[in-house]
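Chemist: Please build the complex by placing chains B and C on the supplied structure of chain A, with the hints as guidance.
Single-letter residue listing:
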Amino acid sequence: MKHHELQVKTTSRSQVVDITSKVQQVIYDIGLQNGIVIVYVPHTTAGVAVNENADPDVKIDFIRKMSDMVPVDSSYKHLEGNSDSHIKTILTNTSQTFFVENGKLMLGTWQGIYFCEYDGPRTRKCWIKCLEE
Amino acid sequence: MKHHELQVKTTSRSQVVDITSKVQQVIYDIGLQNGIVIVYVPHTTAGVAVNENADPDVKIDFIRKMSDMVPVDSSYKHLEGNSDSHIKTILTNTSQTFFVENGKLMLGTWQGIYFCEYDGPRTRKCWIKCLEE
Amino acid sequence: MKHHELQVKTTSRSQVVDITSKVQQVIYDIGLQNGIVIVYVPHTTAGVAVNENADPDVKIDFIRKMSDMVPVDSSYKHLEGNSDSHIKTILTNTSQTFFVENGKLMLGTWQGIYFCEYDGPRTRKCWIKCLEE
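So the sequences go chain by chain: A, B and C.
Counted the way the working numbering counts, the first sequence spans residues 4 to 136.
Counted the way the working numbering counts, the second sequence spans residues 4 to 136.
Counted the way the working numbering counts, the third sequence spans residues 4 to 136.
This is chain A alone, in the form it adopts within the complex:
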């Protein structure tokens, strides 16, 4: 009944880590055949998204654009210096839901699961829950 937990190590302040194969591994380990899997990030300065896992430049362009839109040096009230990280997390989202069929994570051809770090480097957690159909 308890969720499964992944560890994700990040090496920069802002970074996308592809966790697709880790999520697939949890589905195998649990033995879920058909249903949904929910990936949930229990942090307030990191989120989860879905996008291209082929060309790594897409991840770089995404992280750069997020930093352009929500720069670290704006005049924020929150004194920890990471208000930008909180805001980027909300824009990204805290969880993502996927379909599982015949034990396989159903993704589009080019899709991967992005763990999005906005206040690293840190060792982060990612929670995973499967619901059978």
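Worth flagging that the hints you see were computed from the coordinates, not collected in a lab.
Misleading hints may appear alongside valid ones.
[Stated by the list, open to error] Computed footprint of chain B on chain A, listed as stretches where at least three residues anywhere in the stretch have a Cβ under 8 Å from a Cβ of chain B:
id, region
1, 24-38
2, 42-55
3, 71-80
4, 127-134
[Claimed, not checked] Listed next, with one range per pair, are the computed distances between beta-carbon atoms:
id, chain 1, residue 1, chain 2, residue 2, range
5, B, Ser70, C, Val75, 21 to 29 Å
6, C, Pro59, B, Gln36, 44 to 52 Å
7, B, Ile33, C, Asn105, 12 to 20 Å
8, B, Met4, A, Asp32, 27 to 35 Å
9, C, Pro59, A, Glu83, 37 to 45 Å
10, C, Met4, A, Asp32, 16 to 24 Å
11, A, Met4, C, Met4, 31 to 39 Å
12, B, Gly84, A, Ser15, 37 to 45 Å
13, A, Lys128, B, Asp60, 38 to 46 Å
14, B, Ile33, C, Asp32, 25 to 33 Å
Treat the numbers as computed from the prediction; the structure is a model and nothing was measured.
By construction, the Cβ of each residue, glycine as well, lies at the ideal position given by its N, Cα and C atoms.
Modeler: What follows is chains B and C alone, placed relative to chain A:
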């Protein structure tokens, strides 16, 4: 089978209201032990997000930055004067999914559930559905 | 157990297509009475959102503002010329979850389901899965 409904009263045009304890209360009332809970906002100018519930300045910084990125005074076509509210709602999201274990809403240490008002003040609704594992 | 698939034809590079009635039709066809329905977009340059389906100007304002915030002509690294489309997709989201009660898709009065094309015109897919309560 019917969803549960919360009322959320807002007092400004743009405002974050922490509804974490209200969602936990619904889980207690329903008696859900293990599964997921989905919080759904049936409005088009208010959404729901997950972020820090400790320092209230994070909520203020978020609301200010959203207003910077999507200002109310841009030259929109929609004549009701709240196109910015619709766009902020899409960027925030309309629903969020959470895990429930042993009757408890599973959140990260610093996480709270943000009801995000973008066209208040109003009395809003929030729908909640629980699915048992 | 397999998901249902919709086809969505788009006619511009950036465009919102209302797929609400198509999703409701899938629920009828499956015969789901009570539970949830998840709409999942298996692409990396198109997403799904929830917003107003009454005044079509809201869709136009949304698409224009997204193009303002994430312009196509920024200096991206990804060479396919559609980094803006990938970033807009992440900001929009890849899936949305809805409640179903007595065979009916539960939406707020003004809500519709937006298929958001950011790299069209194309023929796109949309996956739908229902989970009974």
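Chemist: Determine for every hint whether it applies to the structure shown.
Modeler: How the hints compare with the structure:
Using a Cβ-Cβ cut-off of 8 Å, 0 residues of the region 24-38 of chain A lie near chain B, which falls short of the minimum of three, so the contact claim is violated. Given as covered by chain B, the region 42-55 of chain A passes the check, having 5 residues with a CB less than 8 Å from a CB of that chain where 3 are the minimum. Check result for the region 71-80 of chain A against chain B: holds, 5 residues qualifying (beta carbon to beta carbon below 8 Å, three or more required). Using a Cβ-Cβ cut-off of 8 Å, 4 residues of the region 127-134 of chain A lie near chain B, which meets the minimum of three, so the contact claim holds.
Checked against the given bound of 21 to 29 Å, the beta carbons of B/Ser70 and C/Val75, roughly 25 Å apart, stay inside it. The hinted range of 44 to 52 Å is satisfied by C/Pro59 and B/Gln36, whose Cβ atoms lie roughly 45 Å apart. For the hinted restraint 12 to 20 Å between B/Ile33 and C/Asn105, the CB-CB distance of approximately 19 Å keeps it satisfied. The given range of 27 to 35 Å is respected by B/Met4 and A/Asp32, whose C-beta atoms sit roughly 33 Å from each other.
Here the CB-CB span from C/Pro59 to A/Glu83 is close to 43 Å, well matched to the stated 37 to 45 Å. The beta-carbon spacing between C/Met4 and A/Asp32, approximately 20 Å, falls within the hinted interval of 16 to 24 Å. Checked against the hint of 31 to 39 Å, the C-beta distance between A/Met4 and C/Met4 comes to roughly 23 Å, which is inconsistent with it. Our hint of 37 to 45 Å for B/Gly84 and A/Ser15 holds, since their Cβ atoms are close to 41 Å apart.
Between A/Lys128 and B/Asp60 the CB atoms are about 25 Å apart, so this pair departs from the stated range of 38 to 46 Å. Taking the beta carbon of each, B/Ile33 and C/Asp32 are about 30 Å apart, inside 25 to 33 Å as hinted.
The structure fails to meet hints 1, 11, 13 from the earlier list, while all remaining hints are met.
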